[in-house]
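Residue numbers (numbering that gives the first Met the number 0), protein chains in the order written: chain U, 0 to 557; chain B, 0 to 227; chain W, 0 to 191; chain V, 0 to 98.
Bear in mind the hints are in silico, worked out from the structure with no lab data behind them. Among the hints, a few may not be true.
[Claimed, not checked] Where chain U lies over chain B, by a calculated footprint (3+ residues, C-beta under 8 Å):
(1) 31–39
(2) 54–62
(3) 111–117
This structure is a prediction, so every number in the text was calculated from the model and none was measured. Cβ coordinates follow ideal geometry from the N, Cα and C atoms, glycine included.
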Amino acid sequence: MEPSFLRKYVFSVDHKTIAKQYMITGLLMAVLGGYLAYVFRVQLAWPGESVPGFGPVGENVYNALVTMHGTIMIFWVAMPILLAAFGNFLIPLMIGTDDMAFPRLNMVSYWTFLVSSLLLVASFMVPGGAAAMGWTFYPPLSARAEFTGVIWGGHLWILAVALEFASMLMGGINFLTTVVNRRAPGLTMFRLPLMIWMLISASVLFMFSVGPLIAGAFMLLLDRTVGTGFFMPEAGGDPLLFQHLFWFFGHPEVYVILLPGLGVVTEVLPVSSRKTIFGYRAMVYSTIVAGLLSFVVWAHHQFISGINPNLALPFSITTILISVPFAVFLFCCIATLWRGSIRFTTAMLFSIAVIAEFLLGGVTGIVNGSAAADIYMHDTYFVVAHFHYTLFPAVILAMFGGIYHWFPKMFGRMMNEGLGLAHFGLTIVFFNLTFLPQFALGFHGHHRRIANPESFDWLADMQGLNVLSTIGSIGLLLAQILFVINFFHSMFAGKKAGRNPWQATTLEWVTPSPPGHGNFEETPVVYRGPYVYSPPDSEKDWRPQHLPAGLEGTETVP
Amino acid sequence: MLSWLPENVSSYGSDMDSLLRLILYIVGVWFVLAEVVLIGFLVVYRKKPGKRAAWVPGSNLKQLSWVLLPCVVILGLDLAIEAAGAPVWHTIKQTLPDPDLTVRVSGKQFAWDFTHPGEDGQLDTDDDIKSEFDLYVPVDSVVQFELVSEDVIHSFWLPHLRLKQDVVPGRSIKGWFEVTKEGIYPIACAELCGIGHTKMGARLHVQSLEEHRIWVQSQEPLDEFWEE
Amino acid sequence: MSNHAQPLPAKITTGVPTGRLGIWWFLAGETVIFGGLIVCYILLRLHHPEWAEHAAHTSWIVGGINTLVLLTSSLTMVQAFKAVTEGKTQRAVGLLGVTWLLGLAFLVIKVFEYTHEIHGGYTILANLFWSFYYLMTGLHALHIIGGLVAIAVVMARARKGKDLQRVEYVGLYWHLVDVVWIFLYPLLYIAS
Amino acid sequence: MNETLGHDGDHPHSNYVAVWTVLVVLLVLGIAAGFVGNPVLGAVLVFSVATVKAFLVVTIYMHLKFEPLLVRAIILCGLACVFIVLIGLIPDIVYGFGH
Chain U
0 MEPSFLRKYV FSVDHKTIAK QYMITGLLMA VLGGYLAYVF RVQLAWPGES
50 VPGFGPVGEN VYNALVTMHG TIMIFWVAMP ILLAAFGNFL IPLMIGTDDM
100 AFPRLNMVSY WTFLVSSLLL VASFMVPGGA AAMGWTFYPP LSARAEFTGV
150 IWGGHLWILA VALEFASMLM GGINFLTTVV NRRAPGLTMF RLPLMIWMLI
200 SASVLFMFSV GPLIAGAFML LLDRTVGTGF FMPEAGGDPL LFQHLFWFFG
250 HPEVYVILLP GLGVVTEVLP VSSRKTIFGY RAMVYSTIVA GLLSFVVWAH
300 HQFISGINPN LALPFSITTI LISVPFAVFL FCCIATLWRG SIRFTTAMLF
350 SIAVIAEFLL GGVTGIVNGS AAADIYMHDT YFVVAHFHYT LFPAVILAMF
400 GGIYHWFPKM FGRMMNEGLG LAHFGLTIVF FNLTFLPQFA LGFHGHHRRI
450 ANPESFDWLA DMQGLNVLST IGSIGLLLAQ ILFVINFFHS MFAGKKAGRN
500 PWQATTLEWV TPSPPGHGNF EETPVVYRGP YVYSPPDSEK DWRPQHLPAG
550 LEGTETVP
Chain B
0 MLSWLPENVS SYGSDMDSLL RLILYIVGVW FVLAEVVLIG FLVVYRKKPG
50 KRAAWVPGSN LKQLSWVLLP CVVILGLDLA IEAAGAPVWH TIKQTLPDPD
100 LTVRVSGKQF AWDFTHPGED GQLDTDDDIK SEFDLYVPVD SVVQFELVSE
150 DVIHSFWLPH LRLKQDVVPG RSIKGWFEVT KEGIYPIACA ELCGIGHTKM
200 GARLHVQSLE EHRIWVQSQE PLDEFWEE
Chain W
0 MSNHAQPLPA KITTGVPTGR LGIWWFLAGE TVIFGGLIVC YILLRLHHPE
50 WAEHAAHTSW IVGGINTLVL LTSSLTMVQA FKAVTEGKTQ RAVGLLGVTW
100 LLGLAFLVIK VFEYTHEIHG GYTILANLFW SFYYLMTGLH ALHIIGGLVA
150 IAVVMARARK GKDLQRVEYV GLYWHLVDVV WIFLYPLLYI AS
Chain V
0 MNETLGHDGD HPHSNYVAVW TVLVVLLVLG IAAGFVGNPV LGAVLVFSVA
50 TVKAFLVVTI YMHLKFEPLL VRAIILCGLA CVFIVLIGLI PDIVYGFGH
């Protein structure tokens, strides 16, 4: 029986449809977030000028723009696309099952997310405009409407974020239960593709870190609406309490959106270099260590926020120690390329770029992680450049890598490689043009979140760098038009993809492209680890996970 | 990159600059090294006809040591960076030398209020000198400041002094600086504090001891205290 | 990670039914939320010893009765689960009904308590202690209401002999709400 | 979600009424501890009793003691996070800001 249109495409319980819904919603939100970035970048380069396509940017409008840009990119782009979309699409396929453990919960999770997105978008249109307290939402600024003049925008912001958290929690419960309980026969934890490890690590981190912030959000909402004083010193509350709750969540949250991106890299690298991943277990363990450490580093966001100065050193040490597991991870990625046979597909180029650019984000993190150096660098453009160099590769570049890689599986057609190459080149050039100058601005002491750099004389001679950065950001946004064209054109007119266009070994490539309802024609049985490429005892350079010994290599190449 | 730093005029600023230099050298070397290796691999091991990839799973310690040994070095360098940073942090944030002058800095939306002691050198007395936007301190003297906020969180930011400290309502946070060169330096607010955040700035006037004494004498004491 | 095929492991899943595992993940999330809230309260409470006076205005007798009600409802809930495993569906439905009524009784007592306190001038804005009091007990009461809805749904299905495994799941949730109250009671009513 | 009862997920049952009796006794003990003169000792007693009560409900009513390690680990991780927050914030929130 064919399900009705509504059941099939709208209120679907199929994990693949839900994944696509998440992806489309996330990409639309990314367009909005990018547009906001365009508006405030133009304001920063040419302060006071009317921005084409927007109009003049007032100071509170500027604050709202940066607040919403941060909020949207973290919670409505990174999380839905990397965690929810890739997670929903890949988990059942990669572990060889027909669907998530709780398909209806999955649907509820998406619709909760959609409602939260609509609430957030609606907050631009209410009187007073959108929230303008910074994406970190520090009280007291956020605890009383009169401090910013934004009333409904702030309420809606909290409500939307709370719903988004609820949606991601439901998704996380689903992911974890599915991976723990529904793996195909023979698929032990250490035969899971690394992407699955990254997704479940991210879900665990999210689930255990978000609780205190949800409690904090309840308190903040009461402070705003009822007038209680949980975070107001005159009532006996403490503003720093919220910062602690926020960053106890905030740092693991960075890894929640980072790990799935690194997971994409670990999937694409072996396929495109025809070589098994280097140090599978080392990568798994370093991810777990980094995840554990992420719970004891949160105060590094608060070195100069008035916390007890004696706390800085312990938190600084734990922070800098995080560089070790990530170094293990990245070196393993690089070592995977050693003596490989590298094919430069678009997905591979994006994955390599993730490593190359993330390295710069990683090493500059040391500057911020050192408590003393952070006295100077905190809240400057150096921090802005640093976290864009970590999050842009891990979120946006990895997202593109993942889409170019799994698009054939999602839609049954290949994306255009020529357009993909052009998209890649322009994206990388303009990304660096946007954010490299910001390191220099940070060194010069240009602090964040000011609408007009010309308010301060000492910043005047660096204004050229602001202009450069803005030109880069405009180019970066325009370059994405190529991706949009490629995405939609390939969806309908791309070259038909077979089951396994990349000759990859993991289970998702066993299914038809796109997989039908129920995914697998028969439950696959897994005989080996995920990345058996170019094994020494075989002519073929790949050996799928599901083929029994003796039958390896019998699968026809599509 | 260090040439982009604004001129340093504080006693501890040069320590900060050397720390930044040290960190940049260390991470710079590693960054370049990693990128060179990465790009080298990409070039050397690109797909060539008849050449197939090797089987290197990295599952034993011998192979893994290629990755783990550099990481041990990184761990050592991390600790070296911490060791270099700890004294700087200690100087700026964990010590309070005996002050030659104590001032109170009060952040509010969207201005800085400064309270200087009068001729008696004490705060909260009749001859306190208040000023908005202008902080006057003598050169080569230890200035202790007490940060308070009247409304939201601000951040007391003096780039030329390499000093930044958030100002939190409900807390009174103490710190210190010593300026080594006369002149006028910008003060900004580095924490988003509302609509006027962009323009929330002030000036630090660093005067010679003699000029500062004359300035203190020439100020009118506070009116409100006369009436008491 | 060898390239050679290895024999299949005998058993790969945890042995925990999927639904129950999902509930446990959910409960872990709830633990962190309530835990975070309780930690905030404890921290500020330690900072403000003077809150003891305010805490003295909560009634330990009414709170104690409510604790007894919830403990008893947990007993009937777990007995309902036992009845299900023994195949006594009608007995299970009856016990669920008793649990439901006890939950309702808890809410009714809570409403009287709130009314009394608000008439005494102790509103949510009276003091930060009372803000915490209303936030924590209110959030807990919302969980009770949610539990009542869930129990009603499970009861309706169980009466027809369907989805009996849900009796256990709703029970796990109900016990967690009970555990939260076990901590809220001394925090808000007793310790002064 | 289509499991039926009777497969390997089942637990043995304990004497729930006896546990309930213990819980009620503990409740009375907890209230009594609130009237101990020394506030520190009183608080320690009250919260020890509450912890024992919670432990009984979780292990027996919720059958945690029959669950595999994974399930216990889930709950313990949650509690560990709560404790990290508590310990990490004491220097700042309890002693951090003055009057």
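Results of checking the hints against the structure:
| no. | hint | verdict |
| --- | --- | --- |
| 1 | 31–39 | holds (count 5) |
| 2 | 54–62 | holds (count 6) |
| 3 | 111–117 | violated (count 0) |
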